[in-house]
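K.L.:
Here's the letter readout for the chains.
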Amino acid sequence: MSARIEREGGARTPRRGWIYLLPVLLFAAVGVFLALGLGRDPQTLPSVLIDKPAPAFALPPLPGRDERGFSSADLGGRPVLVNVFASWCVPCRIEHPVLDRLAREGVTIHAINYKDAPDDALSFLRALGDPFARIGTDRQGRAAIDWGVYGVPETFVIDRAGRIRYRHVGPLQPHDVERTIAPLLAELAR
Amino acid sequence: MIRRALVALLLACTLAHAAASRAATSPDEILPDPALEARARALGKELRCLVCQNQSIDDSDAPLAKDLRRVVRERLVAGDSDAAIKRHLVERYGDFVLLEPPFKPATWLLWGGPLLVVLAGGALAAAFLRRRAVALAEPAELDPAEKRALEALLAGEPGDRSR
Numbered sequence: 083m084s085a086r087i088e089r090e091g092g093a094r095t096p097r098r099g100w101i102y103l104l105p106v107l108l109f110a111a112v113g114v115f116l117a118l119g120l121g122r123d124p125q126t127l128p129s130v131l132i133d134k135p136a137p138a139f140a141l142p143p144l145p146g147r148d149e150r151g152f153s154s155a156d157l158g159g160r161p162v163l164v165n166v167f168a169s170w171c172v173p174c175r176i177e178h179p180v181l182d183r184l185a186r187e188g189v190t191i192h193a194i195n196y197k198d199a200p201d202d203a204l205s206f207l208r209a210l211g212d213p214f215a216r217i218g219t220d221r222q223g224r225a226a227i228d229w230g231v232y233g234v235p236e237t238f239v240i241d242r243a244g245r246i247r248y249r250h251v252g253p254l255q256p257h258d259v260e261r262t263i264a265p266l267l268a269e270l271a272r
Numbered sequence: 350m351i352r353r354a355l356v357a358l359l360l361a362c363t364l365a366h367a368a369a370s371r372a373a374t375s376p377d378e379i380l381p382d383p384a385l386e387a388r389a390r391a392l393g394k395e396l397r398c399l400v401c402q403n404q405s406i407d408d409s410d411a412p413l414a415k416d417l418r419r420v421v422r423e424r425l426v427a428g429d430s431d432a433a434i435k436r437h438l439v440e441r442y443g444d445f446v447l448l449e450p451p452f453k454p455a456t457w458l459l460w461g462g463p464l465l466v467v468l469a470g471g472a473l474a475a476a477f478l479r480r481r482a483v484a485l486a487e488p489a490e491l492d493p494a495e496k497r498a499l500e501a502l503l504a505g506e507p508g509d510r511s512r
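Protein sequences, first through last, are from chains A and B.
Positions 83 to 272 (the numbering used here) are the ones given, in order, by the first sequence.
Positions 350 to 512 (the numbering used here) are the ones given, in order, by the second sequence.
Since the hints were derived computationally from the structure, they do not count as laboratory data.
Where hints are given, some of them may not hold.
Stated by the list, open to error - Partial selection, computed: residues in chain A whose CB lies under 7 Å from chain B:
| no. | residue |
| --- | --- |
| 1 | L127 |
| 2 | V130 |
| 3 | W170 |
| 4 | G223 |
| 5 | G230 |
Where is the CB? At the ideal position from N, CA and C, for every residue including glycine.
Working from the sequences, and respecting the hints, build out all of it.
P.N.:
Take a look at the structure:
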């Protein structure tokens, strides 16, 4: 029928075009979140200890290297790095030259030797260089748990007040130093 | 034939389940006190292994899971409550160490999300049903203008009959 009777406010003809846009908008929103999630590494967990004081610990020295060990009393005064490493950890070998270079540039790096045999740790350092100021041995991995460590290597930036300011999980690459570690150390030294 | 296949499938599932529920806890870790050990096992099922991430420390053979099981048992023996032990680990590893996320402002949407979806769906369904009920109801009386138009149609005025 061409003789159509137009009725205003009729119940059958609600013009709501926007409702068809809703699924598209929802899809776009989900897509944005998924795209953001794709760029994140689910294996890298944020540390809950950021801006908190480093945990209290007192670790014995690495036998055959020195007699000093490494404890919470050694932190504070100046910004330092704390590196958790083990001779059996392959990524630790990869990052070692980066630590060596940082040490040569004057950065103080302390280390926690994680669940390692002292002799293996010593030969690791002899072969690859020893950039560490102090080394504490954590044979049982208990101090590392207090630091929230869940895999070696991990590297922490500690400020002058002895607080943890940054944690890097996995081997330190030169670009991590350039982009994050070095600027942060410079800022903390000011 | 089909029945035999079904029985085999059922058996396979049962065995798989039995294998999956076998914990990683080794005999030397087990506490002498059965009540404490039961609590340790229950806690271990609620705590995430940070290395494997989708396994509990009770399930995981990772060295860190073993270390965390030991921490849990040491604190149990020391007399800590279950809540205190969880807090101890959350302070070090964050909420991520809990397999069940806690209910707090940051997770309100996570926990409330399904409820919101049900409410939104219910509201949409209610609106749709109400609109349909209105549409199916008796048609309204024609207003004067419509009546005139209808009468004109019925009177067979030319120009308005084209189909």
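K.L.:
If a hint holds in the structure, say so; if it does not, say that too.
P.N.:
For each hint, the structure was consulted:
Residue-level restraint check for A:L127 holds (minimum Cβ-Cβ distance to chain B is 6 Å; threshold 7 Å). Hint on A:V130 holds. Least Cβ distance to chain B is approximately 4 Å, under the 7 Å limit. Because the smallest distance between the Cβ of A:W170 and any Cβ of chain B comes to about 11 Å, over 7 Å, the interface hint for this residue is violated. The closest approach between the C-beta of A:G223 and any C-beta of chain B is roughly 5 Å, which is under the 7 Å cut-off, so the hint is satisfied.
Restraint check, A:G230 versus chain B: the minimum CB separation of about 4 Å is within 7 Å; hint holds.
When each numbered hint is compared with the structure, a violation occurs for hint 3 only.
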